[in-house]
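Number of protein chains: 2
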Amino acid sequence: MKSENPVINQILDAYKPIWSINHATSLMGWDFETYMPRKGTEERGVADSQLRLLYKELLLDKDFVDLVELGKKQEGLNDAEKGIVRMLERNITKQIKIPKELTEAESLERIRGNMVWRQAREKSDFKMYEPYLKKMAEIKKQIAEKIGYEKHPYDALLDTFEEELTVADLDKVFGVLTPHIQKILKKLLDSGSPFCKEISKLGKPKYDIQKVDELNREILTLLQYDMERFRMDVSTHPFTQAMDLNDVRITTRYEGTDFKRSISSTIHEGGHALYDLQCDQSLSVTPVEGASSLALHESQSRFWENIVGRSKPFVQLIAPLIRRKVSFAGQATDDELYLYFNTVKPGYIRVDADEVTYNLHIAIRYEIEKKIIGDELTVSEIPEFWNDRMEQLLGVRPTDDSQGALQDTHWSSGLFGYFPTYTLGNLVSAIIASKMRKDLQDYEENIRNGDFRPVREWLRLKIHQHGSVYAPKTLLKNTFNEEGYNPDYFVKYIENKYFGS
Amino acid sequence: MKSENPVINQILDAYKPIWSINHATSLMGWDFETYMPRKGTEERGVADSQLRLLYKELLLDKDFVDLVELGKKQEGLNDAEKGIVRMLERNITKQIKIPKELTEAESLERIRGNMVWRQAREKSDFKMYEPYLKKMAEIKKQIAEKIGYEKHPYDALLDTFEEELTVADLDKVFGVLTPHIQKILKKLLDSGSPFCKEISKLGKPKYDIQKVDELNREILTLLQYDMERFRMDVSTHPFTQAMDLNDVRITTRYEGTDFKRSISSTIHEGGHALYDLQCDQSLSVTPVEGASSLALHESQSRFWENIVGRSKPFVQLIAPLIRRKVSFAGQATDDELYLYFNTVKPGYIRVDADEVTYNLHIAIRYEIEKKIIGDELTVSEIPEFWNDRMEQLLGVRPTDDSQGALQDTHWSSGLFGYFPTYTLGNLVSAIIASKMRKDLQDYEENIRNGDFRPVREWLRLKIHQHGSVYAPKTLLKNTFNEEGYNPDYFVKYIENKYFGS
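Respectively, the protein sequence lines represent chains A and B. Using full-length UniProt numbering, the first residue of the first sequence is number 1, and each one after it goes up by one. Using full-length UniProt numbering, the first residue of the second sequence is number 1, and each one after it goes up by one.
Read the hints as simulated data drawn from the structure, not as lab findings. Do not take every clue at face value.
Partial selection, computed: residues in chain B whose CB lies under 10 Å from chain A [stated by the list, open to error]:
1. Y35
2. D226
3. V285
Beyond 10 Å from chain B on every Cβ pair, some chain A residues (computed) [to be verified]:
4. P17
5. H23
6. A24
7. A47
8. A105
9. R261
10. E384
11. E391
12. A433
The beta-carbon is built from N, C-alpha and C at its ideal position, and this holds for glycine as well.
Input sequences plus hints: build the corresponding full structure.
Structure follows, in structure tokens:
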């Protein structure tokens with residue numbers, strides 16, 4: 001990007017080494033989850049923490065901070081230029097508050113804790129992981145204190161992931177969402193809805209991993225991903241990592257049974273990737289090249305995974321591909337496949353949860369994080385609290401911690417405050433779907449025919465192209481005239497889908 | 001590593017961010033050749049050049065340079081500590097002499113040139129690549145001038161890859177080697193040696209890539225590689241990249257025919273990897289953790305590829321594995337396989353060359369580099385000069401440049417002065433073999449039985465453990481009592497192998 005303002009150009013030039021460190025640590029993160037030999041962990045930990053420190057040093061370099069200050073005072077900046085200054089200032093302010101020792105401690109703990117978490121999850125041994133989680137929670141509490149907050153220490157961490165998000169916001173969201181979802185779930189289960197009947201002839205048999213990998217790649221082709229800017233690998237916990245706007249990578253997973261999990265992961269991560277892939281290229285190598293927020297990022301993955309990917313026309317579109325690649329699905333009807341993709345069943349695992357129960361999993365994680373950071377719960381109490389709340393909200397109680405409190409990678413990676421953005425993403429995906437259907441008359445017909453151009457283009461124009469030029473709440477206001485993360489659209493979407501309109 | 005000298009400890013601490021940038025760019029290099037989506041090239045180029053600049057800035061930071069100066073003045077340092085200071089000083093001196101603009105220009109040109117070279121090689125279109133090579137050669141000449149030299153500008157570049165290596169050294173080496181090899185080659189061809197008869201029933205048919213991949217992995221298991229510190233991927237031009245002592249990666253290649261090429265590449269790169277894998281762990285994350293020099297590195301890969309990998313006992317060892325994985329080799333005798341691995345045939349491609357002709361390929365590249373840097377040859381004259389010299393030395397003339405001057409990645413990557421280390425590596429591998437056989441009485445028997453521990457351990461003790469604590473000539477002197485890269489051992493080894501002892 002070339003600006004007409006010389007100060008902005010200076011900022012962008014000085015930002016290049018900072019961007020480059022980010023590029024490198026992104027690649028290192030991707031590599032750690034995909035291909036890195038296990039025993040390289042210690043040295044990778046050194047490199048990762050050193051580069052994060054270096055990133056911080058460059059970002060907080062007096063000349064650079066002064067330059068950003070100067071940028072803030074410029075008049076006549078356009079939106080992208082204002083966004084650049086806003087993002088840098090936000091980043092600088094956060095980093096200034098967190099002392100070097102804490103950043104380094106967190107980085108090292110992330111590498112160590114993540115390794116132990118993997119082993120603990122395998123052995124379902126929470127005790128083994130507990131001291132590491134304690135350490136990480138302590139670090140996060142210290143970070144929250146350093147960042148500062150008005151009402152709740154957890155607010156400080158929430159804002160890291162989602163600009164201006166607070167406990168008050170989330171208490172309000174879950175206050176509406178949780179009881180509504182509990183009601184819907186009860187009604188579905190009590191009525192013996194066909195959605196609640198497991199299609200075990202599709203979910204139980206072992207699939208051919210290579211064939212389902214081919215199937216995922218066919219679906220990505222249908223969705224028009226450009227494989228020269230994008231790739232898909234395999235990891236335990238699927239994720240998306242953009243190295244830059246022209247190198248965006250997703251991973252998927254192959255457990256060997258219940259093939260919809262693999263397909264849904266692929267479509268989900270693909271949705272994330274599209275946000276970066278459709279960002280305006282002029283924003284490349286600038287502080288505003290990424291998504292506006294995690295919730296908006298998640299709105300994209302959930303839109304594609306659930307609202308498109310689990311819709312009837314989409315299932316009808318991919319049904320013939322599935323029948324070709326999954327031998328035991330060869331005779332399945334479109335309706336059976338649709339119900340298989342949309343089975344509602346309270347279960348232990350968040351990433352396998354259906355659209356109805358998913359946010360209840362998040363509600364529990366939100367409660368735990370809030371209590372841990374607020375000193376209302378200790379780390380050793382997590383498993384029991386987790387299991388109790390699972391029983392209360394979902395009616396199922398995990399029998400071992402690999403199916404409970406050990407299932408997610410987030411805490412071991414220091415991501416306290418991240419989970420709530422998943423629910424916000426779901427809420428925004430329903431807002432988007434509602435607005436989009438008003439604009440695109442042939443929405444369903446296009447999906448049934450495999451023409452995703454109108455949907456992709458709508459998302460590009462309304463959201464993707466802007467990168468993080470606008471803060472999330474501003475984007476929601478400007479583009480959709482919505483104040484915050486209104487849960488009503490989502491409740492309506494679920495009611496419509498499961499009980500008909 | 002913890003030193004008893006506080007200055008050395010300070011140096012090692014200050015070196016950590018420098019090391020980390022190296023770690024990151026190593027990973028970026030590996031990724032570029034293996035998995036990176038093609039259209040990420042531009043941004044990867046920015047990140048790579050920015051990180052190289054940052055590396056240089058940190059290395060040349062006044063405080064760090066002063067610290068290294070102070071380290072040099074310390075008394076009572078042990079060999080490892082002296083090595084640390086020596087390596088840093090060498091690196092600093094080189095970098096101080098090369099201005100920032102040249103480093104940046106080379107880095108950008110490397111990314112661009114490499115991309116165009118790939119396409120040019122595919123189309124066998126030297127003209128397409130010529131302007132990029134011209135640019136790179138100009139940059140290298142400027143770098144040579146900046147570094148400085150006593151006799152020949154090429155000396156400055158040679159020393160970058162191999163401490164103290166000069167045109168005078170190499171003229172002497174090739175002065176002995178080239179005529180001897182030409183004589184041996186002529187004798188082999190004229191006598192109708194069984195080594196010169198192509199075994200086309202093994203070399204021509206298409207193999208199953210997945211099966212040969214399994215075969216390569218079985219061979220790596222035989223050779224006792226620890227897959228938790230090591231991995232193998234696929235790239236056009238096989239290479240080894242150590243991210244650190246516990247994360248060493250090789251690539252191999254699968255062209256689909258002539259399976260020995262794939263096996264030999266695997267063993268070759270594995271030999272490189274072993275150097276890093278067997279370095280003393282106390283040297284991890286220090287400036288002396290790598291190999292002493294490129295020639296010594298290459299001596300390891302060539303020792304394993306040729307002296308072990310193409311020996312009769314080794315071929316006998318892996319023959320049953322080959323028969324199981326390569327369908328059309330199912331009936332091949334051990335002797336046929338041995339001759340297949342050791343066929344001598346003047347050909348166009350360096351990486352496919354047999355042990356006899358290989359160094360003639362290097363002789364040509366050495367001549368060209370010397371002349372280009374010495375302004376005795378222009379870039380546009382390269383293809384014809386190349387082909388003429390191929391005809392004179394090997395008796396074959398490439399008919400297109402993809403089989404000629406476009407075959408290697410080195411020039412597009414800015415590696416002028418690198419090729420000669422391949423020949424030096426061959427010479428040292430023969431020195432090693434001669435010394436080792438005197439120490440290890442059961443050498444052949446152990447290989448035939450698949451017991452590589454004595455060989456690995458001998459290499460570890462004599463060479464690997466030291467990392468780059470000693471300069472290459474010092475190591476050769478200390479360990480083998482050899483002055484420089486004596487070509488006589490190699491000539492004797494070849495004569496012995498092909499004409500019997």
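Each hint, compared with the structure:
1. Taken as an interface hint, B:Y35 checks out: its beta carbon lies about 7 Å from the nearest beta carbon of chain A, inside 10 Å.
2. Because the closest C-beta pair between B:D226 and chain A is about 8 Å apart, less than 10 Å, the hint holds.
3. The interface hint given for B:V285 holds, since its Cβ lies 6 Å from the closest Cβ of chain A, which is under the 10 Å cut-off.
4. Look at A:P17: its CB is around 5 Å from the nearest CB on chain B, not clear of 10 Å, so calling it non-interface is violated.
5. With a minimum CB-CB distance of about 4 Å to chain B, A:H23 fails to clear the 10 Å threshold, and the non-interface call is violated.
6. Against the 10 Å criterion, A:A24 falls within the reach of chain B, whose nearest CB is about 4 Å from its own CB.
7. With a least CB separation of 4 Å from chain B, A:A47 falls inside the 10 Å interface cut-off, contrary to its annotation.
8. The Cβ of A:A105 sits about 16 Å from the closest Cβ of chain B, beyond the 10 Å cut-off, so the non-interface label holds.
9. Every CB of chain B is more than 10 Å from the CB of A:R261 (nearest about 24 Å), matching its label as outside the interface.
10. At roughly 35 Å from the closest C-beta of chain B, the C-beta of A:E384 stays outside 10 Å, upholding its exclusion from the interface.
11. Interface exclusion of A:E391 from chain B stands, the closest Cβ pair being 40 Å apart, more than 10 Å.
12. Its beta-carbon lying about 30 Å from the closest one in chain B, A:A433 satisfies the requirement of being farther than 10 Å from that chain.
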